[in-house]
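Chemist: Residues per chain are reported as follows:
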Amino acid sequence: MRRKPQERYPDGPPDAPEQLAQWVEKAMNGNRVAFEKLAGLFQEDIFRMVYYRTRSRMDAEDLTQEIFIQAFRKLPGLKKTDRFKSWLFRIAANKVHDFNRKKRFQWIFGPLCEKETQSQAAGDTTGQPDALENLMTIHFWKQVDLLLEKLSNMEKEVFILRFMDQLSLKEISDVMNKGESTVKTHLYRALRKFRREPSMMQFLEEEKT
Amino acid sequence: MTADKEFHLDEDLLLQAVVDEADLPEGVQEHLRQCARCRTEKERIDSGLLRLGQMAERFSPPPGRKFFLPPEKSQKSSRWSWQWHAAFGMALTALLIISVFGINRFSRSGHRTIPVTDARNMLSDEEFTDQINMLAENALPPEYLDIIGETDFTHDETFMDFLVPGIGEDPFTRLQHDKNVSTCVKTDGVRMCHA
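Read top to bottom, the protein sequences are chains F and A.
Residues 1 to 209 (our numbering) make up the first sequence, in order.
Residues 1 to 195 (our numbering) make up the second sequence, in order.
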């Protein structure tokens with residue numbers, strides 16, 4: 001669940017993009033405090049972004065840590081401070097891509113034990129064991145998987161970035177290093193498949209009521 | 001397309017509107033603004049997708065630990081460590097040089113002092129060597145030599161010749177010769193010797 005702004009930004013939310021740009025510029029000059037402020041601002045978004053793709057809390061936490069460390073190292077190379085968010089998501093996307101590739105390789109040569117089961121993932125979502133919530137969680141991610149299975153890799157990535165990570169078309173274009181029209185095309189195709197998935201639509205309708 | 005009640009946006013146009021409304025032709029955008037039915041349908045899709053995002057967030061765990069930057073490895077400390085390594089290497093080299101050349105110099109100077117323990121060892125070595133030599137000459141212990149009457153086994157050559165004369169030699173004559181008696185003649189049973 002989305003946390004209150006006071007919880008999310010202990011030092012106060014950035015008042016304006018100018019505030020964010022200031023933190024980015026300071027962090028680019030090696031200011032660790034400024035970077036930690038930025039990390040506090042985007043940590044939850046990046047963690048969820050990774051979790052949506054790995055479905056493992058532990059992996060998501062480790063990868064989030066790695067992503068921010070890599071971002072701090074590469075930050076002096078950032079050209080436009082106003083594109084910090086999409087730049088960060090791009091690092092995250094590459095990291096997740098690498099992780100999945102390694103995991104596939106391990107899956108070929110190693111046991112499957114590392115894969116987290118749906119019930120474990122469900123247990124992760126809540127601090128307290130709530131059977132109904134767990135069931136709903138399992139059901140929801142099953143529906144999402146059913147939908148995503150029908151999408152191509154590009155469609156899947158664009159769909160998740162737009163409707164689950166809540167990025168704008170411009171940001172998705174930056175993250176994926178593709179033209180906006182390409183992004184729109186893939187999104188349109190993904191939406192058509194989404195609309196043809198009655199169980200998903202039904203699930204969302206049920207949740208509404 | 002106008003807000004004609006007979007014409008409405010089909011599924012494709014609705015999805016295009018969801019992707020980016022600004023991409024629709026001007027007439028379709030106008031219809032969407034005016035037609036309540038089409039707007040409702042579009043909003044239904046939008047809200048479904050928004051709910052999908054909200055539920056994904058709801059059914060995801062919060063991050064367990066706060067991000068922290070690992071402690072910075074200061075360049076100063078790394079430089080110091082490099083300097084320490086260099087200093088240690090140089091000291092080790094100097095120690096080696098001193099130990100090799102210093103020992104040689106001491107040995108050449110001739111002022112060698114023998115430690116007490118070394119001197120004691122040398123004495124005991126000498127005693128040991130003497131004992132070995134004695135055993136080589138006669139392996140019997142002194143008690144046995146007394147019994148067999150060989151206590152003084154250092155006989156001289158003369159005595160040995162007296163005991164075991166050479167072939168054709170008269171031991172008596174030989175003894176006289178050795179006592180500077182030049183000639184001994186036996187006449188009528190009386191022996192006469194001339195110097």
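Any given hint could be a false lead.
[Unchecked claim] Partial list, computed: chain A residues near chain F (C-beta under 10 Å):
{"id": "1", "residue": "36"}
{"id": "2", "residue": "39"}
{"id": "3", "residue": "49"}
{"id": "4", "residue": "66"}
{"id": "5", "residue": "70"}
{"id": "6", "residue": "140"}
{"id": "7", "residue": "143"}
Simulated from the structure, these hints should not be mistaken for laboratory data.
Yeah, the Cβ is synthetic: ideal placement off N, Cα and C, and Gly gets one too.
Chemist: In ascending order, which of the hints set out earlier in this document are inconsistent with the structure?
Modeler: Numbers 1, 2, 6, 7 - these are the hints that the structure violates, sorted from lowest upward.
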